[in-house]
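> These protein sequence lines are chains D and F, in that order.
Sequential numbering of the first sequence, starting at 7, is according to my numbering.
Sequential numbering of the second sequence, starting at 7, is according to my numbering.
Each hint should be verified, as a subset may be incorrect.
It does not matter which identical chain is meant; a pair holds if it fits inside one copy or across any two.
Stated by the list, open to error - No more than 25 Å apart at the CA atoms, straight line, and that leaves these computed lysine-lysine pairs for DSS-like:
1) Lys88 x Lys231
2) Lys264 x Lys175
3) Lys120 x Lys32
4) Lys264 x Lys220
5) Lys83 x Lys32
6) Lys189 x Lys144
7) Lys83 x Lys64
8) Lys61 x Lys83
None of these hints come from the bench; they were simulated from the model.
Protein chains: 2
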Amino acid sequence: MMMAYFVESFWGERNNGFDVLYHNMKHGHLSTKELADFIRERATIEEAYSRSMTKLAKSASNYTQLGTFAPVWDVFKTSTEKLASCHLDLVRRLQELIKEVHKYGDEQIKAYKKTKEEVSGTLEAVQNIQSITQALQKSKENYNAKCLEQERLKKEGATPREIDKATVKSKKATDTYKLYVEKYATVKSDFEQKMTETAQKFQDIEETHLLHMKEIIESFSNTIKDIHLQIGEVHEEFINNMTNTTVESLIQKFAESKGTGKERPELESSRKYELMFLQDFFFSEIVRIIHTVCEEAIESISCPQLLLVSHHWLLHIFLVPLILLDTGNNSVLLNLRNVIHPVQLKG
Amino acid sequence: MMMAYFVESFWGERNNGFDVLYHNMKHGHLSTKELADFIRERATIEEAYSRSMTKLAKSASNYTQLGTFAPVWDVFKTSTEKLASCHLDLVRRLQELIKEVHKYGDEQIKAYKKTKEEVSGTLEAVQNIQSITQALQKSKENYNAKCLEQERLKKEGATPREIDKATVKSKKATDTYKLYVEKYATVKSDFEQKMTETAQKFQDIEETHLLHMKEIIESFSNTIKDIHLQIGEVHEEFINNMTNTTVESLIQKFAESKGTGKERPELESSRKYELMFLQDFFFSEIVRIIHTVCEEAIESISCPQLLLVSHHWLLHIFLVPLILLDTGNNSVLLNLRNVIHPVQLKG
Numbered sequence: 007m008m009m010a011y012f013v014e015s016f017w018g019e020r021n022n023g024f025d026v027l028y029h030n031m032k033h034g035h036l037s038t039k040e041l042a043d044f045i046r047e048r049a050t051i052e053e054a055y056s057r058s059m060t061k062l063a064k065s066a067s068n069y070t071q072l073g074t075f076a077p078v079w080d081v082f083k084t085s086t087e088k089l090a091s092c093h094l095d096l097v098r099r100l101q102e103l104i105k106e107v108h109k110y111g112d113e114q115i116k117a118y119k120k121t122k123e124e125v126s127g128t129l130e131a132v133q134n135i136q137s138i139t140q141a142l143q144k145s146k147e148n149y150n151a152k153c154l155e156q157e158r159l160k161k162e163g164a165t166p167r168e169i170d171k172a173t174v175k176s177k178k179a180t181d182t183y184k185l186y187v188e189k190y191a192t193v194k195s196d197f198e199q200k201m202t203e204t205a206q207k208f209q210d211i212e213e214t215h216l217l218h219m220k221e222i223i224e225s226f227s228n229t230i231k232d233i234h235l236q237i238g239e240v241h242e243e244f245i246n247n248m249t250n251t252t253v254e255s256l257i258q259k260f261a262e263s264k265g266t267g268k269e270r271p272e273l274e275s276s277r278k279y280e281l282m283f284l285q286d287f288f289f290s291e292i293v294r295i296i297h298t299v300c301e302e303a304i305e306s307i308s309c310p311q312l313l314l315v316s317h318h319w320l321l322h323i324f325l326v327p328l329i330l331l332d333t334g335n336n337s338v339l340l341n342l343r344n345v346i347h348p349v350q351l352k353g
Numbered sequence: 007m008m009m010a011y012f013v014e015s016f017w018g019e020r021n022n023g024f025d026v027l028y029h030n031m032k033h034g035h036l037s038t039k040e041l042a043d044f045i046r047e048r049a050t051i052e053e054a055y056s057r058s059m060t061k062l063a064k065s066a067s068n069y070t071q072l073g074t075f076a077p078v079w080d081v082f083k084t085s086t087e088k089l090a091s092c093h094l095d096l097v098r099r100l101q102e103l104i105k106e107v108h109k110y111g112d113e114q115i116k117a118y119k120k121t122k123e124e125v126s127g128t129l130e131a132v133q134n135i136q137s138i139t140q141a142l143q144k145s146k147e148n149y150n151a152k153c154l155e156q157e158r159l160k161k162e163g164a165t166p167r168e169i170d171k172a173t174v175k176s177k178k179a180t181d182t183y184k185l186y187v188e189k190y191a192t193v194k195s196d197f198e199q200k201m202t203e204t205a206q207k208f209q210d211i212e213e214t215h216l217l218h219m220k221e222i223i224e225s226f227s228n229t230i231k232d233i234h235l236q237i238g239e240v241h242e243e244f245i246n247n248m249t250n251t252t253v254e255s256l257i258q259k260f261a262e263s264k265g266t267g268k269e270r271p272e273l274e275s276s277r278k279y280e281l282m283f284l285q286d287f288f289f290s291e292i293v294r295i296i297h298t299v300c301e302e303a304i305e306s307i308s309c310p311q312l313l314l315v316s317h318h319w320l321l322h323i324f325l326v327p328l329i330l331l332d333t334g335n336n337s338v339l340l341n342l343r344n345v346i347h348p349v350q351l352k353g
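Generate coordinates for the entire structure from the input sequences, incorporating the hints supplied.
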């Protein structure tokens, strides 16, 4: 149970403790509005930050895709996108919270209107004691003045008529003064009772309000804490991804993607050219010999069809091994077609 | 010891592995520049965020200082200022890092210039093998064409002069072809040796470069991690400060700072007015009696100075107890002066 701070501290000569407490209740709603403003401003900042991070992630993906370092940009891009997403998540949660704050603010206004009606009796008691106090002060001053006036007239030897008149006035002032002293006692009692109740009511309202505000702030700081943890995880992930992106893996990846070939121009390549040369050379010589032999035979024999078949067989016997030796160089086959063609036509 | 990825993967028919590796080295510098750009962009984002937080802290301190909630804004303000300061610290550290990256970029350019000179022999060997390969191919085609031409002339029954001319051409093509086959063997050996060395050199450069880049990134992520921890501490502090800012303490603080007074208009206050009234009433009566007695005496006695003294004494005997009873109401003293004065003058 909290001490009755308000019941204790809002008395005083001028009796305007009620006014202070009543306005404080209204400031409670102002605080709620300001808290919503604060959270909204924070959400706006986070949104801008998130947008900038998304832009930064795009920059990372626009950086050169050439060179060994290129895959690292993917790590940066992913991490930066996740950071952007964390802050956007914060924005969403803060916006939800703002809605709650507004809802509370609306409830607060309704509650305040109800309270205003409930404390209207106290306001009246306050106004009563304030006006009675003033009237009492005035009647006291009037009484003192009248007494002095009466004395003065006597001392200055005024006429008995004047003195009597002053005595009547003095008597009247005495009565008024006495009346207000009595009235004050009654009003004071009413005021004291009502003010005690109302001060406690205002303190209860304040307690409830502050508890609600603290709950909102707790929700705010929990949200921020959650997102902070998420951001921490994004950082950890980035560090792990960077650890896994070893220098060796980058060099290997580059060699695999941009490599120009694994076969060196080994001695075989040089041998290949030599072999090619020999094939080409022997091929030409053999074809020349066969042609010469066949042409001479055609000139002396009556069945050229038979000879053409023999010519074919001779070509095959000599050329097939050469074709088989051919290592990807198709010049033999090409030449073969060119050689056979004219012989056939001639046949 | 890392595998010789580059020595293995940058051969291939067209022999342009050197070109790919040389350009990759240049892309290394581009990566450095881009990393500096990335960090700079991040620093810019953090700076904007920090500025916005400072603005938000100012908002918090501009919120109403009235009402029980007011002291909470100080907690928000302090925390938000600290957040701003954390992000500004991050900006400073990132700017330091950018300087380091630029320094490294400058060193890189110098190192690349040196490397360019060192690999100039390899570039020459590459150009040699590329041109020899081309010439070899051409000479081979020429050789084949010449052989076919020779055969064609023979089959078409050309003149012996024409055939001899073709034979000479064919012989010349055969020699050129053979020459390039031999030349290729020599150039290939030189190219292979130099390319092996240079590919390893390029891989070493790449290893060193990537290690340096990873160090920069480590420094970047350590900085971010440090600041993230600092921000976490600011959040913890905020949560603790909010826990310490109890509802009771806020209500108490408000009662103390805005309280209107602890003294109720208790029964004493009402008694005070009654007493005041009695004081005023008796005072007037007593003063009146003393005056009347003294004036009558003055009229019948020859020494008014003596009577004036007596008059003084009488006033003191009656009034001092009343003055002592006076509770802050100075009307008795005031009236006393007014009463004594005219008597003295008269005396």
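> Now look at each hint and say whether the structure bears it out.
For each hint, the structure was consulted:
Proximity of Lys88 and Lys231 under a CA criterion of 25 Å is satisfied in both settings, with 17 Å inside one chain copy and 16 Å between copies. In this assembly of identical chains, Lys264 and Lys175 lie within 25 Å of each other by CA distance neither inside one copy nor across copies; the values are 119 Å within and 44 Å between. In this homomeric assembly, Lys120 and Lys32 come within 25 Å of each other (Cα to Cα) only inside a single copy, at 13 Å, whereas the closest approach across copies is 77 Å. Taking the shortest Cα distances, Lys264 and Lys220 sit within 25 Å of each other only across copies (22 Å), while inside one copy they are farther apart (60 Å).
Proximity of Lys83 to Lys32 under the C-alpha cut-off of 25 Å is restricted to the inter-copy arrangement: shortest distance 23 Å between copies versus 50 Å within a copy. Proximity of Lys189 to Lys144 under the C-alpha cut-off of 25 Å is restricted to the intra-copy arrangement: shortest distance 14 Å within a copy versus 131 Å between copies. Taking the shortest alpha-carbon separations for Lys83 and Lys64, only the intra-copy value of 7 Å comes in at or below 25 Å, while the best inter-copy value is 34 Å. In this assembly of identical chains, the alpha carbons of Lys61 and Lys83 lie at most 25 Å apart only when taken from the same copy (10 Å versus 30 Å across copies).
The structure is inconsistent with hint 2 alone, although it conforms to all the rest.
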